[in-house]
Amino acid sequence: MEALGNLALDRERRYVNLDDNLRSLERKLQRLGGKKSDFELQVTNAERSGTKKRKREVEIWFEEVATVEIEFGTLKKSIQEGGFLENAISSGDRVAKMDAIVEELIEQSKHFDGLLLEAFESRGEPRVTTKLFGEMFDRGLKAIWAWLVIDSISNIGIYGMGGLGKTTFAKHIHNHLLERTQFKVYWITVSQEFNIRRLQDDIAKRLRLDLSYEDDEDGRAAILSRELVKQSVLILDDVWQEFSFEKIGIPLGANKCRVILTTRSLELCNKISCQRVFEAKTLAIDEAWDLFKHTLDTKTVLHEDVEEIAKSIMKRCAGLPLGIITVAGSLRGGSDICEWRNALEQLEKCSVGHDEMERDVFPILEWSFNRLNECQMNCFLYCSLYPEDCKIKRMELIDLFIWAKLMDKQNSRSRLEAFDQGHTILNKLIKVCLLEETTDLEKDDCVKMHDLVRDMALRITNGNSKLKMSRDVPRFLVKSLGWRDSKVTLEQKKWAEVLHAVSFHTLYHHTKIKVPPVWLPNCPKLSTVMVLDQYAAMVTDFLAAEVN
Numbered sequence: 010m011e012a013l014g015n016l017a018l019d020r021e022r023r024y025v026n027l028d029d030n031l032r033s034l035e036r037k038l039q040r041l042g043g044k045k046s047d048f049e050l051q052v053t054n055a056e057r058s059g060t061k062k063r064k065r066e067v068e069i070w071f072e073e074v075a076t077v078e079i080e081f082g083t084l085k086k087s088i089q090e091g092g093f094l095e096n097a098i099s100s101g102d103r104v105a106k107m108d109a110i111v112e113e114l115i116e117q118s119k120h121f122d123g124l125l126l127e128a129f130e131s132r133g134e135p136r137v138t139t140k141l142f143g144e145m146f147d148r149g150l151k152a153i154w155a156w157l158v159i160d161s162i163s164n165i166g167i168y169g170m171g172g173l174g175k176t177t178f179a180k181h182i183h184n185h186l187l188e189r190t191q192f193k194v195y196w197i198t199v200s201q202e203f204n205i206r207r208l209q210d211d212i213a214k215r216l217r218l219d220l221s222y223e224d225d226e227d228g229r230a231a232i233l234s235r236e237l238v239k240q241s242v243l244i245l246d247d248v249w250q251e252f253s254f255e256k257i258g259i260p261l262g263a264n265k266c267r268v269i270l271t272t273r274s275l276e277l278c279n280k281i282s283c284q285r286v287f288e289a290k291t292l293a294i295d296e297a298w299d300l301f302k303h304t305l306d307t308k309t310v311l312h313e314d315v316e317e318i319a320k321s322i323m324k325r326c327a328g329l330p331l332g333i334i335t336v337a338g339s340l341r342g343g344s345d346i347c348e349w350r351n352a353l354e355q356l357e358k359c360s361v362g363h364d365e366m367e368r369d370v371f372p373i374l375e376w377s378f379n380r381l382n383e384c385q386m387n388c389f390l391y392c393s394l395y396p397e398d399c400k401i402k403r404m405e406l407i408d409l410f411i412w413a414k415l416m417d418k419q420n421s422r423s424r425l426e427a428f429d430q431g432h433t434i435l436n437k438l439i440k441v442c443l444l445e446e447t448t449d450l451e452k453d454d455c456v457k458m459h460d461l462v463r464d465m466a467l468r469i470t471n472g473n474s475k476l477k478m479s480r481d482v483p484r485f486l487v488k489s490l491g492w493r494d495s496k497v498t499l500e501q502k503k504w505a506e507v508l509h510a511v512s513f514h515t516l517y518h519h520t521k522i523k524v525p526p527v528w529l530p531n532c533p534k535l536s537t538v539m540v541l542d543q544y545a546a547m548v549t550d551f552l553a554a555e556v557n
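To convert, note that position 159 of the sequence shown is 168 in our numbering; the numbers rise steadily by one, no gaps.
If you are wondering where the hints come from, they were derived from the structure by calculation, not from laboratory data.
Check each hint, because a few of them may be wrong.
[Unchecked claim] Straight-line Cα separation of at most 30 Å, DSSO-like style, residue types lysine-lysine; simulated pairs:
1. Lys151 - Lys280
2. Lys44 - Lys106
3. Lys402 - Lys452
4. Lys280 - Lys302
5. Lys324 - Lys437
6. Lys180 - Lys324
7. Lys324 - Lys140
Can you make the complete structure from the sequences, with help from the hints?
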């Protein structure tokens with residue numbers, strides 16, 4: 010009875026002193042919040058270096074403090090609103106319990122044995138790649154290896170026309186360096202949509218740096234320059250424009266950083282002062298034949314007569330690895346000599362133009378495209394609505410196929426059946442080497458288009474292909490918006506009546522697209538409008554009925 014009496018007396022005391030206890034708790038919570046803010050600032054600044062990470066016990070403490078701050082707000086509001094005596098007594102109990110929790114959190118903060126741990130320092134992740142064919146690549150690997158051990162050489166260029174395998178070669182160099190040296194190796198895809206800030210951001214991600222708090226490009230460059238130290242190698246793939254290493258924040262030199270870049274232009278290598286250059290060239294006949302046979306699956310049996318035709322088809326690819334892989338992929342499983350003869354006849358009709366790309370690359374890619382059925386063609390072309398080098402989620406693409414009504418007999422299909430058909434189409438496009446399998450950072454299944462394959466698709470959808478298409482194809486308007494373009498006004502003359510889809514890629518997240526108030530697009534065939542940010546995240550999408 011005495012214990013029960015003491016408990017009742019204690020509860021009554023809490024009720025009587027409720028306001029004082031609440032104010033005391035609030036002051037303790039303010040001190041606790043101040044400690045939390047100080048710790049978070051210290052931890053965040055340390056983590057920006059990429060060499061430190063917060064302890065798990067510290068992260069849990071942050072979460073618990075944030076929780077009790079939220080619960081205090083709810084409790085204070087409840088007490089201020091008042092209520093019956095029993096509710097007031099209950100509130101007194103809750104204040105006492107919360108006070109004990111806050112005291113415990115304050116005590117914990119005094120006994121952290123440091124807030125941070127050394128972060129695991131990754132030297133880079135191996136790149137997924139395919140087998141290299143050709144003596145040229147063996148010689149190139151040995152040459153670049155020899156150049157890298159010379160301290161005075163810090164900038165190496167690999168150049169050659171599109172489709173020669175420069176990216177694949179660079180991936181092998183990347184993996185070779187990881188396996189056999191102590192270099193930290195960072196892979197950056199540059200591509201045509203180049204600007205200094207974007208390249209700085211991409212490098213910072215590889216270094217696990219946070220540059221979001223620094224807007225000044227020179228300041229960002231200084232931070233990167235401090236982090237890119239000795240035994241770092243940057244591989245910049247697909248460089249199209251001249252730039253200053255100093256402005257980016259890449260410190261070249263024996264005790265600083267090495268750069269290996271791939272480009273289609275020897276002139277660009279010279280402009281940015283590459284100290285050594287390696288030219289990627291087409292494959293010799295025997296090397297091309299080995300690649301052609303390697304790309305065909307084991308079910309494709311080449312009898313003597315068929316083999317002769319296959320060799321003639323291979324020669325039409327002019328030693329270009331991308332062309333060989335694309336053509337051989339389109340012919341997998343074929344054993345009928347009539348099919349092979351027809352393929353050779355059609356391929357021989359594909360020589361157009363005098364430009365290097367038109368003469369050697371696009372005819373081969375467009376020939377493979379023409380072998381698809383109408384549904385596969387349209388689905389393939391809609392992949393080009395996404396930005397260059399984009400990893401496109403399979404599920405998102407199939408959703409797009411369904412929205413744009415690209416599927417066969419879609420009205421009679423369930424959504425599950427439509428998804429199954431979409432996956433089947435994507436598998437077909439991968440099998441014929443017009444799409445590549447990949448994954449994103451979340452390990453979601455994705456596909457991507459080789460930049461030349463995407464260029465070919467855009468030529469077709471712009472009506473700029475000089476080859477005769479076997480079927481009518483959809484017309485697209487695809488436009489990349491600059492990093493600093495905060496407002497973009499649509500150009501009326503670009504919106505033709507034949508348009509089926511429009512896609513804008515914005516490099517600046519807050520870009521606003523304005524429609525002139527006195528103009529409505531006259532696009533009766535338009536079914537899809539997409540606006541994507543620089544990471545290919547969908548900002549908005551809508552159908553033709555909503556365009557106006």
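Lysine 180 paired with lysine 324 [C-alpha distance capped at 30 Å]: Holds. Lysine 180 to lysine 324 sits at ~27 Å (cutoff 30 Å).
Pair hint outcome, lysine 324 versus lysine 437 [Cα-Cα no greater than 30 Å]: 25 Å, holds
Hinted pair lysine 402 and lysine 452, Cα distance within 30 Å: 10 Å, holds
Agreement of lysine 324 and lysine 140 with the hint, judged by alpha carbon distance not exceeding 30 Å: Since the Cα atoms of lysine 324 and lysine 140 sit roughly 20 Å apart, the hinted pair holds (cutoff 30 Å).
Restraint status (C-alpha distance of lysine 151 to lysine 280 at most 30 Å): 25 Å, holds
Satisfaction of hint between lysine 106 and lysine 44, Cα-Cα up to 30 Å: 21 Å, holds
Lysine 280 paired with lysine 302 [C-alpha distance capped at 30 Å]: 40 Å, violated
Violation of the numbered hints given earlier is confined to hint 4; every other hint is satisfied by the structure.
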